[in-house]
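K.L.:
Grab the two chains, each in its own frame, and use the hints to assemble them into the complex.
Chains A and B, in that order, give the protein sequences. Mapping to the numbering used here: the first sequence position 22 is 22, numbers consecutive. Mapping to the numbering used here: the second sequence position 62 is 62, numbers consecutive.
Mixed in with the good hints, there may be bad ones.
Listed next, the stretches of chain A that the computed footprint assigns to chain B, with coverage defined by at least 3 CB atoms under 8 Å from CB atoms of chain B [stated by the list, open to error]:
1. 48-55
2. 83-94
3. 103-116
I should point out that these hints are in silico values taken from the structure, not numbers from a laboratory. In this text, a Cβ means the ideal position worked out from N, Cα and C, and glycines have one as well.
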Amino acid sequence: KAGVTQTPRYLIKTRGQQVTLSCSPISGHRSVSWYQQTPGQGLQFLFEYFSETQRNKGNFPGRFSGRQFSNSRSEMNVSTLELGDSALYLCASSVGKGPTTGEPEAFFGQGTRLTVV
Amino acid sequence: AQSVTQLDSQVPVFEEAPVELRCNYSSSVSVYLFWYVQYPNQGLQLLLKYLSGSTLVKGINGFEAEFNKSQTSFHLRKPSVHISDTAEYFCAVISMIYNQGGKLIFGQGTELSVKP
Numbered sequence: 001k002a003g004v005t006q007t008p009r010y011l012i013k014t015r016g017q018q019v020t021l022s023c024s025p026i027s028g029h030r031s032v033s034w035y036q037q038t039p040g041q042g043l044q045f046l047f048e049y050f051s052e053t054q055r056n057k058g059n060f061p062g063r064f065s066g067r068q069f070s071n072s073r074s075e076m077n078v079s080t081l082e083l084g085d086s087a088l089y090l091c092a093s094s095v096g097k098g099p100t101t102g103e104p105e106a107f108f109g110q111g112t113r114l115t116v117v
Numbered sequence: 001a002q003s004v005t006q007l008d009s010q011v012p013v014f015e016e017a018p019v020e021l022r023c024n025y026s027s028s029v030s031v032y033l034f035w036y037v038q039y040p041n042q043g044l045q046l047l048l049k050y051l052s053g054s055t056l057v058k059g060i061n062g063f064e065a066e067f068n069k070s071q072t073s074f075h076l077r078k079p080s081v082h083i084s085d086t087a088e089y090f091c092a093v094i095s096m097i098y099n100q101g102g103k104l105i106f107g108q109g110t111e112l113s114v115k116p
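The shape of chain B in the complex, shown without the other chains (with noise of 0.2 Å):
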């Protein structure tokens, strides 16, 4: 079984500020990891995933990842952030088993919020 936790419920910060997002994870298998974006009544964006090989890995909107094996986690950041990033990020990790493919876990979300 897998189980995801972000360890900030809330993040305030303010525009220009550089922001970190912190997810940690645990599981008996191998998992693929991603970040996802949710903003007001609508669904989750993709920001971005590590599948293997560098574990820094970039995504859309100027946010980069880094994958840490031996911490089991994956914390997301973005040296300056805009009011526009404002909105909840979901951390989430899927099982590389086949037949468990498809069933995403994730954590509690981070509510991002950017002040001017």
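Excised from the complex, chain A in its bound form (with noise of 0.2 Å):
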């Protein structure tokens, strides 16, 4: 079964651009999360989409936004983009169940760094 696959692996952007990600989760899972990574902040949820519908939002500005097509793929979008968007963003992927019929981990992307400079 193959795991999580997020394209691209690096970015290099420059401030103001606006930037796409992908992620394309493990087979017959519905839910999707976006998390970033930097050394000062950690790991900070940003959103999660299941069947199509944004169910979490995390506390980021507008520009972050996300979307989830039919066959579950997501992409995350970030638009004006400043220096301190520089990170490492990961996708993770999970069965999206409720909590009562079990299977609540998640499965990770190896991530897309971006570098805004």
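P.N.:
Okay, here's the thing in structure tokens:
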């Protein structure tokens, strides 16, 4: 079974530009979550999509957005990039069923390393 | 709301010695608990999980963890570490409430450094 695939692995962008990151979840998983990892702030939750609907959202500005397609693949977009957006962006997928049905664990991709210059 | 505190930011240890990485959590609702490991320039790999049942859970690579509800702790242990265990370890919780499922709350991480 293929794991979570994130593309691209590395990106260099200029301040003010926008960027789109892609995540393909494990086959059969319907929940996709995004996290930002930085040395100063650690791992912070961005948002979660389940069956094409945003179910949870973290405390990030509106420049960060996402979407999920009918095949569960997800994209996140960051507009008007700032230097502080430089980070490792991680995508995680899970089965996404309710807690009474078990399998709440999330599986992570390798991440996309975004550098803003 | 939930929060996770990893009590040690760095843990140096010699090869073949035992190790314990400490994790405490706070939550107003019931949670599931996880430990993840991250090697340099990699994503996170699930080490083990506590969902219910026995409070001692075993994971991959010889790691185990014990859930203590009264102390709200979930410490990770390994009886004998290897050089290859050098990595960063993250404790995480997720709410059992359905519409919060998918939002992992992480600790700040513990860097385990195994020396020969």
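K.L.:
Against this structure, judge whether each hint is valid.
P.N.:
These are the hints, each one checked on the structure:
| no. | hint | verdict |
| --- | --- | --- |
| 1 | 48-55 | holds (count 3) |
| 2 | 83-94 | holds (count 3) |
| 3 | 103-116 | holds (count 9) |
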